[in-house]
Amino acid sequence: MSLTQQDGEGDHVFHAKIDNAKNVLQLLKAVNFSDVATVFGSPSGLKVTVEEAKCFQANAFIQSDMFQEFDVKEDVVTFKVFLNILVECLNIFGVSTTPSVTPTLKMYYNGFGTPLEILLEEGGVITDCKIRTQEADDTLEFNFCATAVINKVIMKAECLREIFSELDGSSEVLEILLSPDPPYFRLSTYGNYGTNHTDILKDSDMVESFNVTRKTSQRYKLSLLKHSNKALNAAQKVSFRTDDRGFLCLQFMIKTEDSYICFVEFFCCPEEDDD
Amino acid sequence: MRFRGKMTESPCIKQFINVVNTVARMSKTCVIRIAKNNLFFIANEGGGIAKSPMLWTQLEQGHFFNEFQMEGVTPENNEIFLELQLDKLSRTLNSLKLAQGARTLKIKLTKRHTPCLTLEAELTSGSIHDRFVVHDVPVQLIPRRQWHIYDEPAMSQFQTSILMPPLRHLRTVVDHMKSLSAHISVAANEIGTFVVSVSNDKVDIATYFRGLLTPKFVDSQERSSTSNREELHSATVDIKKFALFLQGEQLNPTKAICNVVSGRLLHLFLVNDDVTLQYYLPASSYV
Amino acid sequence: MKCVIGGPIVKVFGRAIHSLSRVGDELYVEPGPHGVSFRAVSFSKAAFGTYEFSVDYFSQYDSGMTVGQQTGNESVKCKVAIKAMLNVFKNVNQLNRKVEKCKLTLDGEAATFIIQFICRYGVVKTFNLPFIECETLQAVYDKSACTNYILSEPNVLCDVLNNFQADQSEVTLFVTKEQVIFKSYLDDAVDQTKAVSTSVGMKRGEFNEYSIRDEGEVTFCLKELRALLGWSDPCCAAVAFHFIGPGSPIIFVSSDENLNIEAVFVLATLSKPSDSQIPKLTSNEVSPKIKTHNVSSSSEGDFQVRKRKKLSSGEDMQRCPIVLSESNTPGRLREERASATVISTTMEDSSFENNHDKIAVESPSALHPPKTKILNGNTSFSRPSSVSDKRHSDVASAVGEVHNKSGSSRNVFQVRTPEFYEEEPVDAVPGTPPQQNLAHYLFKRCFESTFDPNSIPGSDIIYAADSDEDQS
Numbered sequence: 001m002s003l004t005q006q007d008g009e010g011d012h013v014f015h016a017k018i019d020n021a022k023n024v025l026q027l028l029k030a031v032n033f034s035d036v037a038t039v040f041g042s043p044s045g046l047k048v049t050v051e052e053a054k055c056f057q058a059n060a061f062i063q064s065d066m067f068q069e070f071d072v073k074e075d076v077v078t079f080k081v082f083l084n085i086l087v088e089c090l091n092i093f094g095v096s097t098t099p100s101v102t103p104t105l106k107m108y109y110n111g112f113g114t115p116l117e118i119l120l121e122e123g124g125v126i127t128d129c130k131i132r133t134q135e136a137d138d139t140l141e142f143n144f145c146a147t148a149v150i151n152k153v154i155m156k157a158e159c160l161r162e163i164f165s166e167l168d169g170s171s172e173v174l175e176i177l178l179s180p181d182p183p184y185f186r187l188s189t190y191g192n193y194g195t196n197h198t199d200i201l202k203d204s205d206m207v208e209s210f211n212v213t214r215k216t217s218q219r220y221k222l223s224l225l226k227h228s229n230k231a232l233n234a235a236q237k238v239s240f241r242t243d244d245r246g247f248l249c250l251q252f253m254i255k256t257e258d259s260y261i262c263f264v265e266f267f268c269c270p271e272e273d274d275d
Numbered sequence: 001m002r003f004r005g006k007m008t009e010s011p012c013i014k015q016f017i018n019v020v021n022t023v024a025r026m027s028k029t030c031v032i033r034i035a036k037n038n039l040f041f042i043a044n045e046g047g048g049i050a051k052s053p054m055l056w057t058q059l060e061q062g063h064f065f066n067e068f069q070m071e072g073v074t075p076e077n078n079e080i081f082l083e084l085q086l087d088k089l090s091r092t093l094n095s096l097k098l099a100q101g102a103r104t105l106k107i108k109l110t111k112r113h114t115p116c117l118t119l120e121a122e123l124t125s126g127s128i129h130d131r132f133v134v135h136d137v138p139v140q141l142i143p144r145r146q147w148h149i150y151d152e153p154a155m156s157q158f159q160t161s162i163l164m165p166p167l168r169h170l171r172t173v174v175d176h177m178k179s180l181s182a183h184i185s186v187a188a189n190e191i192g193t194f195v196v197s198v199s200n201d202k203v204d205i206a207t208y209f210r211g212l213l214t215p216k217f218v219d220s221q222e223r224s225s226t227s228n229r230e231e232l233h234s235a236t237v238d239i240k241k242f243a244l245f246l247q248g249e250q251l252n253p254t255k256a257i258c259n260v261v262s263g264r265l266l267h268l269f270l271v272n273d274d275v276t277l278q279y280y281l282p283a284s285s286y287v
Numbered sequence: 001m002k003c004v005i006g007g008p009i010v011k012v013f014g015r016a017i018h019s020l021s022r023v024g025d026e027l028y029v030e031p032g033p034h035g036v037s038f039r040a041v042s043f044s045k046a047a048f049g050t051y052e053f054s055v056d057y058f059s060q061y062d063s064g065m066t067v068g069q070q071t072g073n074e075s076v077k078c079k080v081a082i083k084a085m086l087n088v089f090k091n092v093n094q095l096n097r098k099v100e101k102c103k104l105t106l107d108g109e110a111a112t113f114i115i116q117f118i119c120r121y122g123v124v125k126t127f128n129l130p131f132i133e134c135e136t137l138q139a140v141y142d143k144s145a146c147t148n149y150i151l152s153e154p155n156v157l158c159d160v161l162n163n164f165q166a167d168q169s170e171v172t173l174f175v176t177k178e179q180v181i182f183k184s185y186l187d188d189a190v191d192q193t194k195a196v197s198t199s200v201g202m203k204r205g206e207f208n209e210y211s212i213r214d215e216g217e218v219t220f221c222l223k224e225l226r227a228l229l230g231w232s233d234p235c236c237a238a239v240a241f242h243f244i245g246p247g248s249p250i251i252f253v254s255s256d257e258n259l260n261i262e263a264v265f266v267l268a269t270l271s272k273p274s275d276s277q278i279p280k281l282t283s284n285e286v287s288p289k290i291k292t293h294n295v296s297s298s299s300e301g302d303f304q305v306r307k308r309k310k311l312s313s314g315e316d317m318q319r320c321p322i323v324l325s326e327s328n329t330p331g332r333l334r335e336e337r338a339s340a341t342v343i344s345t346t347m348e349d350s351s352f353e354n355n356h357d358k359i360a361v362e363s364p365s366a367l368h369p370p371k372t373k374i375l376n377g378n379t380s381f382s383r384p385s386s387v388s389d390k391r392h393s394d395v396a397s398a399v400g401e402v403h404n405k406s407g408s409s410r411n412v413f414q415v416r417t418p419e420f421y422e423e424e425p426v427d428a429v430p431g432t433p434p435q436q437n438l439a440h441y442l443f444k445r446c447f448e449s450t451f452d453p454n455s456i457p458g459s460d461i462i463y464a465a466d467s468d469e470d471q472s
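Heads up: the protein sequence lines correspond to chains B, U and V, in order.
Every letter in the first sequence is one number past the one before it in the UniProt record's numbering, and letter 83, counting from 1, is 83.
Every letter in the second sequence is one number past the one before it in the UniProt record's numbering, and letter 255, counting from 1, is 255.
Every letter in the third sequence is one number past the one before it in the UniProt record's numbering, and letter 401, counting from 1, is 401.
Derived from the structure by calculation, the hints contain no laboratory data.
In this text, a Cβ means the ideal position worked out from N, Cα and C, and glycines have one as well.
Check each hint, because a few of them may be wrong.
[Stated by the list, open to error] Residues from chain V that face chain U, not an exhaustive set, calculated with beta carbons under 10 Å:
no.: 1; residue: S59
no.: 2; residue: V160
no.: 3; residue: N163
no.: 4; residue: F164
no.: 5; residue: K183
no.: 6; residue: A189
no.: 7; residue: D191
no.: 8; residue: S197
no.: 9; residue: V200
no.: 10; residue: G201
no.: 11; residue: M202
no.: 12; residue: K203
no.: 13; residue: G205
no.: 14; residue: E206
[Claimed, not checked] Here are some chain V residues the structure puts well away from chain B; computed CB gaps all over 10 Å:
no.: 15; residue: M65
no.: 16; residue: D142
no.: 17; residue: T147
no.: 18; residue: A166
no.: 19; residue: Q168
no.: 20; residue: E170
no.: 21; residue: I181
no.: 22; residue: D188
Please model the entire structure based on the sequences and the hints provided.
Right under this line is the structure:
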């Protein structure tokens, strides 16, 4: 049984241990919209990248200081893993009936061609998983740099959560309008049952900062933006940024169960204008 | 043929509904066998080994019913076998739960357009008026010559018998494994280790429970002397059916026992003071 | 029309929308000087529901009628897809928490129904729903003619109905002077040897008011009653039943006195006592397109009687009509129709026994001269006991839908026919009946156009005999 072979943890290309697996789980869940994720391990932590349709990317950052043990033997360790299975494994004990009992997690990776090994222990029960890995491909580079940002809004997640959950799902796109003048911040959908707008006042209690210099209006695929719902549901704050190319960057600030402040970000390309 | 039973204690009515709900989830069609001292729910649909039932539930009549009268087919065969869609009975009983619970529940065999189990419930309504509800659930009587199909199955020749870990906990684990594979391998040994595992082309995953008790059977010493007590005996079964059995935790069994016939069968028990549920899960390769 | 609903009571409106969505696919919006009605009718026209919100319910109200000009400048009446409305009022119970004000605007120029939620935190949500202009949707029923009346608290009714399975489609109400029994009605679509049958009794004293003059029974659909209770229960609005007996519509009325809202649901009832053990036809026979004819005339010979045993199942499944119309001048016409009904109930029912499934096309322009006669078909319910085998058609085809497209005078008062349908693809904008229903519409219309009410005695034999025998 693999739980006895805890020999020489130093031999692994990557190994980590955390007393409460829920912290990691929470962040992985936030980007769990596709089967496969690319994991980048470096001394500062893990970055988990998930992509779709060559125009949408999500990154979850899991800092190394959240772990009790964290060791990466190379500058960067990269592999692809089945994210949905990883999430299912970490969640296997479900929600504990006694809140003080949390699952302890150990992870090992031995390099190309080896599986990601996971040991979870909760209340004396042990789960042992071996998830196959694949060689990582290149990930998308959005070149989203702070200097090119035109508009930026930071708001409480609560408000956006409500709005996002009620967007008309029959609409193909979500149009985001930002403007220094009314209606300031408008989300529009064009669905089967007509046109809907949601306007948010710039001086709303929910808006923490509103730096909008120029009126912009861009359309994004609603189906892609919906992938950020899980992150939004876990988040406390959201930052909305658009750059001069109309690219959208959504950043979610998530407080984990043990009060670590973590970030998950999403990049999305705009839809081309047909007319 | 006559049958009439009346329950007047609310906890017993609730427990009865609970049993019916649990059994109904495991099997859609079910045979109810009414005998002098016991009531049985027996299911035989697909999956049983060699014509023996897949599910066998025994309720001690005296615990549930305050009044119980029955007259079987003949004085020598003083029993009644009837078949019904248990989910119908289950949904009907659940409607009683909805209406703040029944004060009394009478169950009787009646002749309407078709034979029926008639449920007469006296509901506790909010107002001063009592409310009487009558449900007729159609049943089919099973002729004497077919009774043998529903005989109690024999005890299997198992390699290992173990008391299962808390079902709620096990159920959570198995429910998560359900998304990964259609089959689950269940293994146990004589020193109290219980392992559930699934694997597919992407992942191997196993959960280990240890330090569990093993029930003492008369011949256990004899057996353990001839075999390695640490050896795991396993059977791979349909994960959905196994998960269904685990929903039986809602019966609050005092113990849950798993007997493993290596490579062939899981014989599972939920035991309560007044209710015993047996479930036969043949190994997938044998189906 | 422009009106504003205060935040805390928006959910009452939302629940009414949800309730109506269980009746029909389209929501009719009809503003008037004293308030606004929201209505729906089921596809088979066997059920009709309306919520009348009085002016007092709104914190601001403008019907859009020009004062002093009673004839010309009417407020816009329209219908919208009810799914679109559901989309707007998705989470009714959360509305309270978030919405501070709700504005409803009918923009006739843009043919758009605008719903605006002014929410907390400076969030404004605007929904623009396209609508189709139409005329008044009105069911013809007469509460005062009903001999039986009971009034019950909604939670008591919910308790009783909860005993029925969710898939139970119809119940029979057996009433005596002392008690009411709700019993599941099993039609032939269900295998009698498999279906659970349920009955629940309620004593006279459990009702707030109880006045039964004609003991008997009446069978109707549970779905719409549940839909009404979905609104009444949270409002704690007592529900009144007004009915006569088999074949005549049952009317449910529930009002919230504080908010000045009245809900009225009218449901068709089975025209034959449910006791009969004769197997009934499958459910698709209930569909309005089956127009097989009543064969219960006394002039029919043995052959008919014998055959009826086999057929009657289908016949007694036929529901009595709720006569609906979309009229141009609702108030006046409504009166006319009501009186027509009354007259026929008192003196003409026997002579019109054969006409029950007549198509009650009604339009103010009186394009159909046999209108009165048709209406009378509705009236045989006054003698349920003598009418053992009456068939009442659904009023599916009964609605003469009058289209009054704004700005185009040629269509004014024109009864919608298949030709009209084809000529006017304009109708195929959101809000028109769903595509799959089109066939039903066309079928119905085709039938209607070839239907001659005067030829009933001859035609009925062919219709009934052939179609039913083929199907059995």
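Consistency of the hints with the structure:
Nearest Cβ of chain U to the Cβ of V/S59: about 35 Å, over the 10 Å cut. The hint is violated. Because the smallest distance between the Cβ of V/V160 and any Cβ of chain U comes to about 7 Å, under 10 Å, the interface hint for this residue holds. Against a cut-off of 10 Å between C-beta atoms, the interface hint on V/N163 holds, since the closest Cβ of chain U lies about 5 Å away. With a least beta-carbon distance of about 7 Å to chain U, the hint placing V/F164 at the interface is held under the 10 Å criterion.
With a cut of 10 Å, the hint placing V/K183 at the interface with chain U holds, because the nearest CB-to-CB distance is about 9 Å. Checking V/A189 against chain U by beta carbon gives a least distance of about 16 Å; that is not within 10 Å, so the hint is violated. Given the 10 Å rule on beta carbons, the hint for V/D191 holds: about 9 Å separates it from the nearest Cβ of chain U. Because the beta carbon of V/S197 sits about 4 Å from the nearest beta carbon in chain U, less than 10 Å, this interface hint is met.
Because the closest C-beta pair between V/V200 and chain U is about 5 Å apart, less than 10 Å, the hint holds. At its closest, the beta carbon of V/G201 sits 6 Å from a beta carbon of chain U; the interface hint therefore holds under the 10 Å criterion. Because the smallest distance between the Cβ of V/M202 and any Cβ of chain U comes to about 7 Å, under 10 Å, the interface hint for this residue holds. Interface restraint check for V/K203: the shortest CB-CB distance to chain U comes to about 5 Å, inside 10 Å, so the restraint holds.
Evaluation of the V/G205 hint against chain U yields a held restraint, the C-beta minimum of about 6 Å falling below 10 Å. Look at V/E206: its Cβ gets to within about 5 Å of chain U, closer than 10 Å, so that hint holds up. No beta-carbon of chain B is positioned within 10 Å of the beta-carbon of V/M65; the least distance is around 25 Å. Annotated as non-interface, V/D142 keeps its C-beta farther than 10 Å from every C-beta of chain B; the closest such distance is 37 Å.
Even its closest Cβ contact with chain B, about 44 Å, leaves V/T147 beyond 10 Å, as expected for a residue assigned away from the interface. Here V/A166 stays apart from chain B, with its beta-carbon at least about 26 Å from theirs, past the 10 Å limit. Even its closest Cβ contact with chain B, about 32 Å, leaves V/Q168 beyond 10 Å, as expected for a residue assigned away from the interface. Distance check on V/E170: its Cβ is at least 32 Å (rounded) from any Cβ of chain B, clearing the 10 Å threshold; non-interface status holds.
Separation of V/I181 from chain B is adequate, the least Cβ-Cβ distance of about 43 Å exceeding the 10 Å criterion. Remark: the non-interface label on V/D188 is consistent with the geometry, its nearest Cβ contact in chain B lying 37 Å away (cut-off 10 Å).
Checked against the numbered hints above, the structure violates hints 1 and 6; every other hint is satisfied.
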